Amino acid sequence: MNHRAVWAIYKVEMARTLRTIMQSVISPVISTSLYFVVFGAAIGSRITEVNGVSYGAFIVPGLIMLTLLTQSISNASFGIYFPKFVGTIFELLSAPVSYLEVVVAYVGAAATKSIGIGLIILATASLFVDLNIEHPFWMLGFLVLTAVTFSLFGFIIGIWANGFEQLQLIPLLVVTPLTFLGGSFYSIDMLPGVWRTISLFNPVVYLVSGFRWAFFGHSDVAVEISLGITLAFLVLCIGVVGWIFKTGYRLRT
Amino acid sequence: MQSVISVSGVSKTYATGFSALKNINLDIRRGEIFALLGPNGAGKTTLISIICGIVNRSGGTVTVDGHDISSDYRAARSLIGLVPQELTVESFETVRSVMAFSRGLFGKPADPAFIEKVLKDLSLWEKRDSKIITLSGGMKRRVMIGKALSHEPKILFLDEPTAGVDVELRKDMWALVRTLRESGVTIILTTHYIEEAEEMADRVGVINKGEIILVEEKAELMRKLGRKLLKLELRNPLTAVPAGFETYNLELSPDGSRLTYTYDNQAERPGVASLIRDLDQAGIQFRDLDTENSSLEEIFVSLVRRQS
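Read top to bottom, the protein sequences are chains A and B. In my numbering, each residue's number is its place in the first sequence (first place is 1) plus 954. In my numbering, each residue's number is its place in the second sequence (first place is 1) plus 5.
The set of hints was computed from the structure by calculation and includes no laboratory data. Computed from a predicted model, the values in this text were never measured in an experiment. By construction, the Cβ of each residue, glycine as well, lies at the ideal position given by its N, Cα and C atoms. Heads up, some of the hints might be wrong.
[What the hints assert, rightly or not] Examples of chain A residues toward chain B, derived with CB under 8 Å: (1) 956; (2) 973; (3) 1040; (4) 1041; (5) 1042; (6) 1044; (7) 1045; (8) 1047; (9) 1050.
[Stated by the list, open to error] Once the Cα atoms are required to be at most 25 Å apart in a straight line, the calculated BS3-like pairs of lysine-lysine come out as: (10) A:1038 to B:113; (11) B:132 to B:176; (12) B:214 to B:27; (13) A:965 to B:122; (14) A:965 to B:113; (15) B:136 to A:1038.
So that you can see chain A by itself, here it is in the shape it has in the complex (with noise of 0.2 Å):
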């Protein structure tokens, strides 16, 4: 293992997060400052409550989900585009590193930042509403589970892009989408019987169940469903990086 490798290419990766912290950083924050000021403060004075939790404290866990997806298919994809699209990435496949490391480095840096994120906003949200994690261990699992997994999604998207259009373009038309369809504002047991039965096709709901069931104790589905989902879409993520290094599919002709 060229532990060395994976480090270096970790700490560059860090540090550009830390160079560019205005926009790695603050901006989710402030846009979920935002959603808080909108959903949770205009909108949540009319709904008040769900499930016996308060509306600003229960899209808590699908606004952290929100950023945590996109910005580990952010970090992720860009890590590693960016090399190749400015040129750099032959060092990388002239280096005495296997995918693994590669996988290891550039996936586990882009999930940190996420993970990062994810409770800076939690940090955040703690001062609008009050929370009470029932489970926090699961809490940080999923946390740690979604965030990897998409990271290895972003990197595969990093990847097959073939420009700057090509990496927005399944954020945008797919992610996003799921997501805010995805039960991160309502429950998807408010959606009349068609609807909830068509949720029940976005992954992404299950992401959100599992999370907000680890932090008030109940979920749209059961929390094994969401786990088991979750873990799947990994192995499918796993599997597809495999292909990708077998083949040298977009990256070695």
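Starting from the known structure of chain A, arrange chain B on it as the hints suggest.
Quick look at chain B alone, frame taken from chain A:
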């Protein structure tokens, strides 16, 4: 002499069907400076990229210091430093941090003293904390060389190292390459400047259309294929090479105004003096004379032309 890189039967066909390399066999000797010459699109960069692990080969094997580049890629790649043709740099990082990164990537423990030495050798020490985006093109190229040297490679690939570099920097790089060779580093360079190969290389390989058409000691190549020409502008045109001069390798221009004598300037008796004496005795007068040395460039051009 023991070879440090051994390429055998390597071919590369791209997905488009373009065959960039055809059955390449090449051995690079330990400690030499090897110049790979070839016109654009000949396959120089593809060959280097395969050895360094950036491009997958379609067939054949490559070993680096005995390590197969696929099954034992870690050992093979740790020995190699690569300076690619394109200036690709991390614009927003500092010189020192990219050097440290490259060293780490190749699995070497941090060694600020060594990095300092490399940066000083490349006249980059003053710029160690500058962001790369603020550097001039020549400095960026030196950063690329510094990155390649940061992990103390035993083999250095320089792909067009002096393209777009001013004369002074080019001289600096030649000096650096010589210093590296003295410290035991094997150097493989590709270049458009044949002058560079002539100046630097111990051996020369010529590649054209994906095939190695010649590998030869530079001195031997120049001796074997290098010729010297003596051109005599005659005062009075001739209709044929005069009788009695058959022993000289003489050629008369179509209009009869110029005699060209081709000779080997390394021979014991090149025959220039006796030719002039004999011409004088035969009453053939000339108003001007000129000599020409065939350069590596001419040799190269004629080789490539002969193939196509």
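Which hints, by number, does the structure contradict?
none
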